[in-house]
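**Q** Note that the protein sequences, when read in sequence, are chains E and B.
If you number the first sequence the way the working numbering does, the last residue is 113 and the count never jumps.
If you number the second sequence the way the working numbering does, the last residue is 118 and the count never jumps.
A couple of the hints might just be wrong.
[What the hints assert, rightly or not] With the Cβ distance kept under 10 Å, some of the chain E side facing chain B (calculated, not the full set):
1. G16
2. D18
3. I28
4. T31
5. L33
6. V44
7. A48
8. F73
9. A90
10. R93
11. R95
12. G97
13. L101
14. G104
15. K105
Worth flagging that the hints you see were computed from the coordinates, not collected in a lab.
Values in this document were obtained by computation on a predicted structure and should not be read as measured data.
Note that the Cβ used here is the ideal one computed from N, Cα and C, for glycine as well.
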Amino acid sequence: GQQLNQSPQSMFIQEGEDVSMNCTSSSIFNTWLWYKQDPGEGPVLLIALYKAGELTSNGRLTAQFGITRKDSFLNISASIPSDVGIYFCAGQRRRGGSEKLVFGKGTKLTVNP
Amino acid sequence: GAVVSQHPSWVICKSGTSVKIECRSLDFQATTMFWYRQFPKQSLMLMATSNEGSKATYEQGVEKDKFLINHASLTLSTLTVTSAHPEDSSFYICSANSGRGALRDTQYFGPGTRLTVL
Chain E
1 GQQLNQSPQS
11 MFIQEGEDVS
21 MNCTSSSIFN
31 TWLWYKQDPG
41 EGPVLLIALY
51 KAGELTSNGR
61 LTAQFGITRK
71 DSFLNISASI
81 PSDVGIYFCA
91 GQRRRGGSEK
101 LVFGKGTKLT
111 VNP
Chain B
1 GAVVSQHPSW
11 VICKSGTSVK
21 IECRSLDFQA
31 TTMFWYRQFP
41 KQSLMLMATS
51 NEGSKATYEQ
61 GVEKDKFLIN
71 HASLTLSTLT
81 VTSAHPEDSS
91 FYICSANSGR
101 GALRDTQYFG
111 PGTRLTVL
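Please build the complete structure, drawing on both the sequences and the hints.
**A** Next comes the structure, spelled out in structure tokens:
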């Protein structure tokens with residue numbers, strides 16, 4: 001199945017540092033979502049983006065929906081140890097929870113105290 | 001609100017046996033449920049989409065006779081892995097959507113089921 005191109009694959013950072021990861025696609029998506037998955041758990045929604053150019057924040061997390069609708073990025077500011085996990089981007093062709101999600105390959109984040 | 005549960009959380013079975021995994025929406029009615037498979041260190045791959053009361057729609061490459069999906073009620077979908085083999089060992093995750101109200105745009109994920117086939 002199709003997957004989104006997500007980078008970097010993994011990141012090792014010090015507590016307090018900022019983090020940035022991004023996702024690109026060869027085709028247009030009209031909804032971009034960012035999830036976090038802890039080991040042995042299902043993904044949890046962090047941020048949803050519905051409009052091209054939209055910039056949305058959720059606490060220390062900020063995500064943007066690219067103007068071309070083919071990319072999105074997620075920033076985490078002032079990282080803390082509990083930010084450790086795998087972050088996935090996901091796209092939908094149309095807005096709506098009944099629409100299929102296409103996932104990126106994930107970015108594994110390690111935060112050193 | 002919007003809690004999805006899965007049962008069992010892990011299962012070990014012998015090759016050739018069938019295993020049933022349940023996905024329940026605990027505090028909302030799910031008109032649509034999705035089943036994903038996730039191999040170690042990989043992303044989630046959609047297996048099928050199921051709407052309550054109708055046949056599931058399978059993704060390309062997913063054998064519908066091997067992965068039987070039943071969405072008989074608005075709060076329950078089941079995935080049965082028939083004649084399981086070691087290559088079916090994986091983390092199976094469901095998600096659910098209500099299709100209405102404030103929850104209509106979001107899929108809520110269950111905690112996953114770890115299947116190991118010996």
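**Q** Which numbered hints are broken by the structure, listed smallest first?
**A** 1, 2, 3, 8, 10
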